[in-house]
Amino acid sequence: MAPAPSPASPPANRGSVRDPGGSGAPVTISNRDVVRTLERIAGLLEIRGDNPFKVRAYRQAAVQVENLETPLSEIAAQEGGLRAIEGFGAAIAEKVQELLRTGRLGFLEDLEGEVPPTLLTICELPGVGPRTAAALWHEAGISTIDQLDHAARSGGLAGIPRLGARSLENLVAALDRRVARGGRRRRPREEVTGLAETLRDELRALPAAQRVELAGSYRRGEATVGDLDIVVATRHPVEVLTCFAALPQVERVILRGDTKCSIEAGGGLQVDCRAIPPESFGAAWQYFTGSAAHNVRLRGRALRLGLTLNEYGVYRVEGGGRVAGAEEAEVYAALGLDWIPPERRLDRGEIDAASRGVSAPMAGE
DNA sequence: TTAGTATT
DNA sequence: CATAATACTAAA
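Going by my numbering, the letters in the first sequence line up with residues 1 to 365, in that order.
Honestly, I wouldn't trust all of these hints.
Per label pair, the in silico range of CB-to-CB distance [said to hold, decoys possible]:
no.	residue 1	residue 2	range
1	Thr70	Glu251	38 to 48 Å
2	Gly306	Pro278	20 to 30 Å
3	Gln249	Gly89	43 to 53 Å
4	His150	Arg252	34 to 44 Å
5	Arg83	Gly300	16 to 26 Å
6	Gly194	Val238	21 to 31 Å
None of these hints come from the bench; they were simulated from the model.
Beta carbons: idealized from backbone N, C-alpha and C, even for Gly.
Build out the structure end to end from the sequences listed, making use of the hints.
Following this line, the structure appears as structure tokens:
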């Protein structure tokens with residue numbers, strides 16, 4: 001998610017739109033601005049190696065703001081203020097308040113003074129995460145893509161831990177692809193429908209494939225998709241994945257293992273294919289449909305019921321007995337839930353709403 | 001075997 | 001205090 005539109009994000013804080021005319025008119029900070037700021041903070045903290053729970057807190061706050069229907073400025077003015085938002089504690093509420101009031105955020109400016117914000121762009125390269133970015137910065141003084149490109153091609157990265165010959169090759173390839181086409185972006189659903197259905201049908205034609213379905217944001221019916229996800233029930237996963245990687249639409253194989261294969265097709269669109277034994281198909285389809293937040297919520301609920309959920313099924317924590325897995329509805333049922341339509345699987349209260357037995361508060365409204 | 005990145 | 005679980009790759 002979040003492919004950061006990033007037309008070369010400015011070095012300065014996004015919020016510092018400081019009313020250049022000097023009219024004194026209040027600067028409007030949109031919810032999107034706040035989301036970007038919170039995510040920026042999270043990314044920089046992560047590169048700095050800060051407490052993962054703190055990083056998570058900023059990400060969680062960003063997600064909550066994303067889900068809001070009301071402008072933050074309105075909420076700030078109401079009873080309880082920003083603290084009323086789930087995931088907003090004292091620290092984050094105060095920072096967002098400052099951003100809304102002044103259009104700037106001192107904390108972020110300080111952070112950007114400490115950790116070069118251009119490292120966030122480096123983190124967008126596939127295969128490069130916060131740890132690698134931090135190593136590049138500390139061990140080789142690299143903070144920009146240009147510096148990285150130069151160093152990668154001139155032996156300037158020798159000696160950086162966990163960055164061997166093979167990783168370097170991959171890095172250079174990623175830099176080349178980055179030049180070739182600007183950044184991965186989400187595409188309108190209609191643009192990928194043909195490709196999605198074609199790939200699905202080609203897999204359905206394989207004798208080894210018992211069942212083939214699309215999953216991910218495509219199945220959730222989202223207006224745009226960042227990639228495609230396909231689940232295949234089969235007794236012969238390697239054979240299926242080998243065929244998948246050899247389909248005529250495949251432009252590049254990103255990775256290929258025994259249960260999972262990712263390729264690019266349709267002009268750089270990533271397509272993930274997961275091969276799963278038939279008795280696990282329901283759990284796998286559920287897992288691959290997401291959303292990620294929905295899955296995490298579901299798995300947390302499973303734990304509270306003494307169960308554990310993964311893409312292979314629902315299991316008892318003690319004893320490990322299998323409770324469900326072949327059908328999606330049976331997975332939800334094992335967790336005491338009615339089947340939830342994919343479109344609603346966004347972690348926006350749908351799980352409580354689907355809860356049977358112990359009635360969920362119906363939030364009269 | 002482990003670290004890092006990736007996936008929902 | 002503190003959200004789940006797993007796969008793949010390269011390095012060690």
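Going through the hints against the structure:
Restraint check, threonine 70 to glutamate 251: a C-beta distance of roughly 43 Å satisfies the suggested window 38 to 48 Å. Distance hint check for glycine 306 and proline 278: the Cβ-Cβ separation is about 26 Å, which falls inside the suggested range of 20 to 30 Å. Distance hint check for glutamine 249 and glycine 89: the Cβ-Cβ separation is about 47 Å, which falls inside the suggested range of 43 to 53 Å. At roughly 25 Å, the beta carbons of histidine 150 and arginine 252 sit outside the given window of 34 to 44 Å.
For arginine 83 and glycine 300, the hinted distance range of 16 to 26 Å is satisfied, since their beta carbons lie about 23 Å from each other. In this structure, glycine 194 and valine 238 meet the distance hint of 21 to 31 Å, their C-beta atoms being roughly 28 Å apart.
Figure legend: structure checked against the earlier numbered hints; the only hint not met is number 4.
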